[in-house]
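Residue numbers (our numbering), protein chains in the order written: chain A, 1 to 260; chain B, 1 to 317; chain C, 1 to 292.
Hints were generated in silico from the structure; no laboratory data involved.
Keep in mind that this is a model prediction, so the values were computed, not measured.
Be careful, since some hints might not be right.
[To be verified] Stretches of chain B that chain A covers, calculated by requiring three or more beta carbons in the stretch to come under 8 Å of a beta carbon on chain A:
#: 1; segment: 57-67
#: 2; segment: 144-157
#: 3; segment: 179-187
[As the list claims (entries may be wrong)] Covered, in the sense of this in silico footprint (three residues per stretch, anywhere, with C-beta under 8 Å from a C-beta of chain B), are these stretches of chain A:
#: 4; segment: 72-83
#: 5; segment: 114-125
#: 6; segment: 160-167
We treat Cβ as the ideally placed atom computed from N, Cα and C, and that holds for glycine.
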Amino acid sequence: MITAPALELDGVTKHYGSLRAVEGVSLSVQPGTRHAVIGPNGAGKSTLFALVAGTLPATAGRVVLHGKDVTGMPEHARATQGLVRTFQHSSLFLKSTAVENVALAVQRQQGAQWSMLRPLRRRTAILERSRELLASIGLADRSGALAGSLSHGERRQLEVAVALGTEPSVLLLDEPAAGMSAAETARFKQMVLDLPRAITVMLVEHDLDLVFGLAEAVTVMHLGQHLMTGSPADVRASDEVQRAYLGAEDTSDLFPQEAR
Amino acid sequence: MRGRIGYIVALLALLSVPWVMGPYAVATVSKILVFAVLAMSVNLLTGVSGLPTLGQSAYFGVGAYAGALTAIHLTDLGPAQVVIAALAGAVAAALTGPVAVRARGVPFLMITLAIGEIAYSAAGRLDSVTHGTDGLSGIPPVVAAPGLAPTVNEGLVFYYVLAVFLVLFGAVALLLRSPFGLTLRGLRDNEARLKAVGYHTTAYALVGYVIAGAIAGAAGSLWASAQRFVAPGDLGFEVAALALLAVIVGGVGSMWGACLGAAVVIVARDYIGANLSGHGPLLLGVLFVAAVYLLPRGISGGLRQWRRPARKQEVAA
Amino acid sequence: MLDWFDTNLVSMVDGVAYGLLLFTLAVGLSLVFGMMDVLNLAHGSLYLVGAFAAYALSDGSWLGFALAIGVGMVAGIFGGGLLAAMTAPLSGRGHLDQAALTLGVSLIAAEVMVMIFGAEVVPTQPPDALAGSASILGHRYPVYRLVFIAVAGLLAVGVYVAFERSSLGALVRATVADRDMVRAMGVDTRLVLFGVFAFGAALAALGGALGAPILAPGPGVDENVLVLSLVVIVIGGLGSVKGALLGALVIGQVQTLGVALLPTYAPFLLFGAMLVVLAWRPQGLASLVTRS
Chain A
1 MITAPALELD GVTKHYGSLR AVEGVSLSVQ PGTRHAVIGP NGAGKSTLFA LVAGTLPATA
61 GRVVLHGKDV TGMPEHARAT QGLVRTFQHS SLFLKSTAVE NVALAVQRQQ GAQWSMLRPL
121 RRRTAILERS RELLASIGLA DRSGALAGSL SHGERRQLEV AVALGTEPSV LLLDEPAAGM
181 SAAETARFKQ MVLDLPRAIT VMLVEHDLDL VFGLAEAVTV MHLGQHLMTG SPADVRASDE
241 VQRAYLGAED TSDLFPQEAR
Chain B
1 MRGRIGYIVA LLALLSVPWV MGPYAVATVS KILVFAVLAM SVNLLTGVSG LPTLGQSAYF
61 GVGAYAGALT AIHLTDLGPA QVVIAALAGA VAAALTGPVA VRARGVPFLM ITLAIGEIAY
121 SAAGRLDSVT HGTDGLSGIP PVVAAPGLAP TVNEGLVFYY VLAVFLVLFG AVALLLRSPF
181 GLTLRGLRDN EARLKAVGYH TTAYALVGYV IAGAIAGAAG SLWASAQRFV APGDLGFEVA
241 ALALLAVIVG GVGSMWGACL GAAVVIVARD YIGANLSGHG PLLLGVLFVA AVYLLPRGIS
301 GGLRQWRRPA RKQEVAA
Chain C
1 MLDWFDTNLV SMVDGVAYGL LLFTLAVGLS LVFGMMDVLN LAHGSLYLVG AFAAYALSDG
61 SWLGFALAIG VGMVAGIFGG GLLAAMTAPL SGRGHLDQAA LTLGVSLIAA EVMVMIFGAE
121 VVPTQPPDAL AGSASILGHR YPVYRLVFIA VAGLLAVGVY VAFERSSLGA LVRATVADRD
181 MVRAMGVDTR LVLFGVFAFG AALAALGGAL GAPILAPGPG VDENVLVLSL VVIVIGGLGS
241 VKGALLGALV IGQVQTLGVA LLPTYAPFLL FGAMLVVLAW RPQGLASLVT RS
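Go ahead and model the full structure; you've got the sequences and the hints to work with.
Now the structure itself:
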């Protein structure tokens, strides 16, 4: 059964002068899947995400969202189309509360962002949805806290909640578990697993436990190029992938056998 | 709650001004209120949206001339003059804003500075409209509401200015608590993230800029009504710099701080400066330097530190 | 066509003189902003320091003129160093505080100069030997301005070469591009910063001393000069010497030839020029000449 991909990349390339950060990456992400992008440091994963989201303009190639070519669209336009990213280093509104952070995304999504006279406090639709999202990622009791006062793990969670506030159809998570403790990572994994299938999730991650516990499809990048895309089992078994990570050394400990 | 009491006390104090002060002092407080409105417009851009500006004097001037010309040729009804002046300020901001709003930070500051200077020289040159450097005089006294007599008495002028000030202060407070206000603060705090969640940030910056222009224009109309004279000096660089100083002294981001800062600046220039045999600018310069070194977060920031133990986060006004 | 040039030749030459004057002022401002991320709103005051030195010391003789230039530059360097020292503690605090501080300093400086020199614009005479006018292509033209164009032109070339070709210039450019990297290489960037601040200030004061016969000192002139410098560096591109030169020449023409051709629109020409350039090249004219 063939369904149209949620996201298609066709020859996406980013050159900085003679530096080829991302070179001709093509791949498809099926709707509703949890698709991970892995690769050694410097593989170009975060740059790829920035190109997909539109934070960086591509040198060449196309990005197609649900059959629509969004390559020419700036980042904010792609976000309104449902393609939303989170940031590797939490990018929040530190002087606002957690609920206000999420509300910024929700209010735009609900079309209330131009409202100038009615106080936010009275806009129950926005606040309820924001609190709902905070609760779904486990921050219900911190909704009134300033984002600047949240712990690192809490900020990573809020980071995702803000993105969810836009009701995305394709969610790009950029190293969401970076800096999280084991317990926080486990909670985070469950949160992603609980996300509705209506949202297609793509994530860049270094934590391979998390990746193999979540992902249904895995793309491996190396030196800016697409190395392979396949099921977690195929990727684990691939010699090419293991060589990319560690050269030709013994890599039997690299990919744990059972992480789910 | 402590904030509420502060507002009530301030309101009562203001209402009693014409009863406890002489005419010169009352006129000065009127000036302070007008300047406070201008400072609020500067704060809306600088403190709330993160767009530091030295050009609001341009829209203040547009509003002053628009209000004055309306008074001379159209109607002496105050509220009508204020509305027309605010519209004029908004239109001027809409025409000049797009160039400024593509920039951020220091380039934005520079562009607004240029806008202010150009408005100043335009005011001096467009003799047919503004009477050039002679200034626009013969502005009839304002009629505060239909049916009332023209306000000539300083006390009545003060109440008129106070009424408009309160309306504008309330409107700005509402704006800040609204979703759009949250958007402007988002623009200041993390524009990149705002874009990433779908906001075309330049559009919001422009709307904020136009609103600030309208507020500055309204302030200009009040100035014309209070002074009964408008000249290019009223929209020069010094005015823009004073307004910025007021915001810095009061605490960037805080509206009541901006109003308090306006009071400090006007009193310093007009009262203390006058006593220093006209070396007002010198005192102002010293104030700027002192404020930057000694009051890094302005008066409101200093007070917040002091009150911190008991306070809970609230949406700032 | 030739007729048009003939009628407007004087304005155009004036424009070149004015443009080169603006360059000497704007280049220091641009470098300081590019390097230290500091907007120095006291830059106009530095011009006045040099210009008042010329007014006070230039008595028509060459010696007086040389003295004026020397004293002006020393005072400028001193002023630049003072400003650098005053803005140093603010480095973490953002542009607004720096702008406010330098604005305060400029207000103080302006008032001090009024106290010393009075509240009027004081016309300044060039050295007697250059005080006449010459006949060029059928138009009379002040000799001093022609000499100024030559000298300022040489100065511009000198600054450009020093900046773009010398190793010191390379160090300065590197610090503009990535201060932390230069620091990691072991260079004390504070010295580079102070040096640039002082250099820019000296250049501004020199511009003032040389330019006083063209743009006389007085209250309000510092504001004028500051705004023009800011417009020049905004359209030229921040932190760029080439950009400052291009921008200055453009603005010089706008303020002379432009005003001569369209006197009623004079105040709007500046803004219009800024609008046109920024709409066409938002990063400034420098991007035209450099590979990005």
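So, going through the hints one by one against the coordinates:
Requiring three or more residues with a Cβ within less than 8 Å of a Cβ of chain A, the coverage given for the segment 57-67 of chain B is violated, as only 0 such residues are present. Remark: the segment 144-157 of chain B is not confirmed as covered by chain A, as 0 of its residues place a Cβ nearer than 8 Å to a Cβ of that chain, below the required three. Residue count for the segment 179-187 of chain B with a Cβ under 8 Å from a Cβ of chain A: 7. That meets the three needed, and the coverage hint holds. Under the rule that three or more residues need a Cβ within less than 8 Å of chain B, the assignment of the segment 72-83 of chain A holds, with 6 such residues.
Chain B is given as covering the segment 114-125 of chain A, and this holds because 9 residues of the stretch bring a CB closer than 8 Å to a CB of that chain, at least three being needed. Judged by the Cβ-Cβ criterion of 8 Å, the segment 160-167 of chain A is covered by chain B as claimed, because 4 of its residues qualify and three suffice.
Hints 1 and 2 from the earlier list are contradicted by this structure; the remaining hints agree with it.
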